Amino acid sequence: MPGVTERTMAVLEFLATQMEGTPLALISDQLEIPRSACHRLLVDLKQCGYVRQLREHGDYVLTTKMVGLGLSYLATSGIVDIAQTMLDRLAEGSGELVRLAIVDGDRLTWVAKSQGALKGLRYDPDMGMDTILSCSATGHAWMMTMSDERALELVTRQGFGSPKQYGPKAPTTVDGLLKFVHAARERGYATINEVFAPGMTAMAAPVQRRGYPAIGVISIAGPLVRLTEKRMEALGPTLVAAASELAAASLASPLFARVR
Numbered sequence: 001m002p003g004v005t006e007r008t009m010a011v012l013e014f015l016a017t018q019m020e021g022t023p024l025a026l027i028s029d030q031l032e033i034p035r036s037a038c039h040r041l042l043v044d045l046k047q048c049g050y051v052r053q054l055r056e057h058g059d060y061v062l063t064t065k066m067v068g069l070g071l072s073y074l075a076t077s078g079i080v081d082i083a084q085t086m087l088d089r090l091a092e093g094s095g096e097l098v099r100l101a102i103v104d105g106d107r108l109t110w111v112a113k114s115q116g117a118l119k120g121l122r123y124d125p126d127m128g129m130d131t132i133l134s135c136s137a138t139g140h141a142w143m144m145t146m147s148d149e150r151a152l153e154l155v156t157r158q159g160f161g162s163p164k165q166y167g168p169k170a171p172t173t174v175d176g177l178l179k180f181v182h183a184a185r186e187r188g189y190a191t192i193n194e195v196f197a198p199g200m201t202a203m204a205a206p207v208q209r210r211g212y213p214a215i216g217v218i219s220i221a222g223p224l225v226r227l228t229e230k231r232m233e234a235l236g237p238t239l240v241a242a243a244s245e246l247a248a249a250s251l252a253s254p255l256f257a258r259v260r
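With this note's numbering, letter number 219 in the sequence shown gets 219, and the count goes up by one each step, no holes.
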């Protein structure tokens, strides 16, 4: 049976996906926590300022306290100050969404972005999400820096992304995934086409100093009608150069220093 800490974190993570608020009964059912225990957790979280109710005895939602903690942490790390100028420059040059994900143990989380698309279709998913390794260019770029065995260990632990939830070309087998990873190693950066989402493409390069593990990944993502295979090939050298530049500058960030 999960302990109080595990249940508390499960509630917070679930509410992070429920922007409109969720009633106690649904939280209890979805997380398989007894109604009385779930209510006690929510009362404690409410008293601590992490959860509020939309009205008296109403649905539960997260407050911005969690967001504030994350933003404060990133500000202290110096990562945004170091990376933002590079991300902005790459976004302006590509005209697409550019994002930075950082390695934190066995996880890869998007923490900063710059939107280069000023008009037309804009691809802009939520920040703060952990990367789905099997079906994202960011995940493939990270896995290209490690052994196949280590990459498969991470994906097995997280699970394969389903084509029904992500893109129609998302790999669902070990062989299918390794084809993407091996191609990324040969190319020097990863590319995907309708793997993470229908009608979307992306490319990514690892942020890695020679002789050290990767500390992050920079990606470019956009609609297939603009970010074509030919366009990604043209942007490849620029993306790799930006990743190398950030790797060199990473010495100034204590967050990046933890990974080395």
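Keep in mind that the hints are not guaranteed to be accurate.
Said to hold, decoys possible - Here are the simulated PhoX-like cross-link-like pairs (lysine-lysine), alpha carbons at most 20 Å apart as the crow flies:
no., residue 1, residue 2
1, K230, K164
2, K65, K46
3, K179, K169
Stated by the list, open to error - Label-pair restraints from in silico Cβ distances:
no., residue 1, residue 2, range
4, Q165, L12, 38 to 46 Å
5, G159, C48, 42 to 50 Å
6, D175, V67, 14 to 22 Å
7, T173, R35, 37 to 45 Å
8, T172, L24, 31 to 39 Å
9, R107, Q84, 40 to 48 Å
10, K46, G159, 28 to 36 Å
Please keep in mind that the hints were generated in silico from the structure rather than gathered at the bench. Just so it is clear, the structure is predicted and the values come from calculations on it, not from any experiment. Ideal Cβ placement from N, Cα and C applies to all residues, glycine included.
These are the hints, each one checked on the structure:
Distance hint between K230 and K164 is unfulfilled; the C-alpha atoms sit about 27 Å from each other, more than 20 Å. The suggested pairing of K65 with K46 holds, with an alpha-carbon distance near 11 Å, which does not exceed 20 Å. The straight-line distance between the Cα atoms of K179 and K169 is roughly 13 Å, inside the 20 Å bound, and the hint therefore holds. Taking 38 to 46 Å as the suggested C-beta distance range, the pair Q165 and L12 does not conform, at roughly 22 Å.
The hinted range of 42 to 50 Å is not satisfied by G159 and C48, whose Cβ atoms lie roughly 31 Å apart. Remark: the range hint 14 to 22 Å for D175 to V67 is contradicted by a beta-carbon distance near 40 Å. The supplied range of 37 to 45 Å is met by T173 and R35, whose beta-carbon atoms lie about 40 Å from each other. Our hint of 31 to 39 Å for T172 and L24 holds, since their Cβ atoms are close to 36 Å apart.
Between R107 and Q84 the CB atoms are about 22 Å apart, so this pair departs from the stated range of 40 to 48 Å. As the Cβ distance of K46 to G159 is approximately 32 Å, the hint placing it in 28 to 36 Å holds.
Checked against the numbered hints given earlier, this structure breaks hints 1, 4, 5, 6, 9; the rest are met.
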